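Trainee: In case you want the letters, here they are:
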Amino acid sequence: MKKFKLSKQAKIDLTGYAFILPNIIGVCLFTLIPMIFSLIISFTDWDYTQGIGNWNFVGIKNFIEMWQDEWFTSSLINTIVFAVGVVPVTVFLALILAVVIDKYCFAKLPIRLALFMPYISNVVAVAIVWVMMYSPWGPFTQLVKALGVENPPQWLGSTTWALPALMLMTVWSGVGYANMIYTSALQGLPGDVYEAADIDGANEITKFFKLTVPFLSPTTFFLIITTFITSFQIFAPIQIMTRGGPGTSTNVLVYYIYTSAFTFYRMGYASAMSWILFIILFGITMFQWYGQKKWVSY
Amino acid sequence: MEKTHGILSDRAKRMCLKIIFTVIVGALAVSMITPFLWMISASMKLPLDVMKLPIEWIPKYFYPDNYKKVWNIGGIAARNYHFGLAYWNSIKVAVINLTGSVLTSTLAGYAFAKIKFRGRNILFLFYLATMMIPSQITLIPKFVMFNKMGLTGTHMTLILPGLITITGTFLMRQYFMQIPDELRESARVDGANEFLIWAKIMVPIAKPNMASLAMVVFLWNWNSYLEPLVFLSDWRLYTIPIALTNFIEESVTEYNLVMAAAASALIPAFVVFLLGQKFLVKGLVAGAVKG
Chain A
1 MKKFKLSKQA KIDLTGYAFI LPNIIGVCLF TLIPMIFSLI ISFTDWDYTQ
51 GIGNWNFVGI KNFIEMWQDE WFTSSLINTI VFAVGVVPVT VFLALILAVV
101 IDKYCFAKLP IRLALFMPYI SNVVAVAIVW VMMYSPWGPF TQLVKALGVE
151 NPPQWLGSTT WALPALMLMT VWSGVGYANM IYTSALQGLP GDVYEAADID
201 GANEITKFFK LTVPFLSPTT FFLIITTFIT SFQIFAPIQI MTRGGPGTST
251 NVLVYYIYTS AFTFYRMGYA SAMSWILFII LFGITMFQWY GQKKWVSY
Chain B
1001 MEKTHGILSD RAKRMCLKII FTVIVGALAV SMITPFLWMI SASMKLPLDV
1051 MKLPIEWIPK YFYPDNYKKV WNIGGIAARN YHFGLAYWNS IKVAVINLTG
1101 SVLTSTLAGY AFAKIKFRGR NILFLFYLAT MMIPSQITLI PKFVMFNKMG
1151 LTGTHMTLIL PGLITITGTF LMRQYFMQIP DELRESARVD GANEFLIWAK
1201 IMVPIAKPNM ASLAMVVFLW NWNSYLEPLV FLSDWRLYTI PIALTNFIEE
1251 SVTEYNLVMA AAASALIPAF VVFLLGQKFL VKGLVAGAVK G
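In order, the protein sequence lines correspond to chains A and B. Going by our numbering, the letters in the first sequence line up with residues 1 to 298, in that order. Going by our numbering, the letters in the second sequence line up with residues 1001 to 1291, in that order.
Keep in mind the hints are simulated off the structure, nothing from the lab. The structure presented is a predicted model; accordingly, all values stated were derived computationally and were not measured. Everything hinted at is true.
No more than 30 Å apart at the CA atoms, straight line, and that leaves these computed lysine-lysine pairs for DSS-like:
#1 A/145 x B/1060
#2 B/1200 x A/11
#3 A/103 x B/1278
#4 B/1207 x A/108
#5 A/210 x A/108
#6 A/210 x B/1018
#7 A/8 x B/1200
#8 A/210 x B/1282
#9 B/1207 x B/1092
#10 B/1207 x B/1282
#11 B/1052 x A/145
#12 A/108 x B/1282
#13 B/1116 x A/11
#14 A/108 x B/1013
Using C-beta positions, here's what the derived DEER-type ranges look like:
#15 B/1047 x A/191: 52 to 60 Å
#16 B/1125 x A/33: 18 to 26 Å
#17 A/36 x B/1047: 47 to 55 Å
Short, incomplete list of chain A residues facing chain B, as computed with Cβ under 10 Å:
#18 19
#19 30
#20 31
#21 103
#22 123
#23 124
#24 128
#25 140
#26 176
#27 285
We put the beta carbon where it would ideally sit given N, CA and C, even for glycine.
Let the sequences and hints guide you as you build the complete structure.
Mentor: This is the structure we're talking about:
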């Protein structure tokens, strides 16, 4: 019997597929198939308590109804307010800090490490520490009192202040990461351009706005997008600190998806909402893709 | 502004500026770690001292027994919170997942970068596209799937999806792309097959990158909250974030114990960070360059 022989390219193909096989299986099982399943049930009225398969296709009813659902619309608005507040503050603060630390500071490493610590910290531990920070006897409330405010609000118990309080905490935990990314981008700045600017007598402020900011614009763009995406997916602090309350003041999109699915078992409806989340995030990513060419200057 | 200070030399001016900025930024850095300092301080206090005003940053009475209570050392706790068990669960899941995902990422990253199999580019594009799917979309289907497979309430729900990471594969591919082809060609001439080249040449030179990836994956797993919250139901299998949430619910008023528990949960991440700060930062930065 003649031995079956593979062509050279077929051998290469087989080797390649063997290398990527575990990954492909994983992606198919835990991303691709779930994605298709999620899309299907988003067009059904599936209630988990009715069991798998006990669902009716309702067309785009979920996608229409949600806009009449005040919990959904409020969660969407809260999420947008949250992200729009958190992103610029985090990115701007990180940029200033990165430049100042890089140029004008002693003890760079300890400072950077201190800024970075919140980012790597367990979100549950951080959330519970901040509940204490915001309590009437906590350091944050005491600081505000020391600054002259006589009756500081119950931060997390106030419909006005709960969301800003969560935003402050999110900036605190995210600024170290953005700072780290900026710091590494700063190492790539062309030194000769700065020397030329020095010879022309440019001062530090001019150099910052005319050289540093434009040079860092790709990094800024990247950070704005990623911070926006992570802010849009905020969940754990809400679940631990406020449970969406008081009222609907901190009810955010992912929290509402979570409660719809795992408290009320409205799987179809929750899936539909998760696709809205996807569409928003996808839009932002596309914006990054095309916007980068237009907006980023260097 | 600087030009008006004619009396001082440029160097002295720069020095002054540096000192001023270091003080300002240093103060900010201290305020960043204030929550942690307060946490440690409160975790050493008696319950009532936690709420005492003005805040005693250094407790008058040190009470490290809080930690013993949380960890149930010497049986002094009113009840066993099984914190040690949660620690073990978290470490187990994190270590299995980092081993698995570093291995699968290095394999696939190498193939995507160096092996010219047909359909490679299409597959890689498809791969990148899945990166955009938020985990919230796949959460409900995974929950249903695991239920069907009888895996709900086991660590398999965290381990099976955690054995691969798309970001990790991407990072390793980027790394292998910049390794010159000559290295591979010369080994091929010597008759080594693709797997041998990977194991004997590529893995050794990629070790620092694998370490970076391992640390990032460890942190992801250690801090992961939503998945274990949804998939785990038995307290014996709780990972640290879930055990901590549970602990908080059970002992709301014992702030000193809650703070001791929170501090305990933070330690491994800090240790990993301080030991391998360079690797970790490299991994996170590399992840950011992907664009």
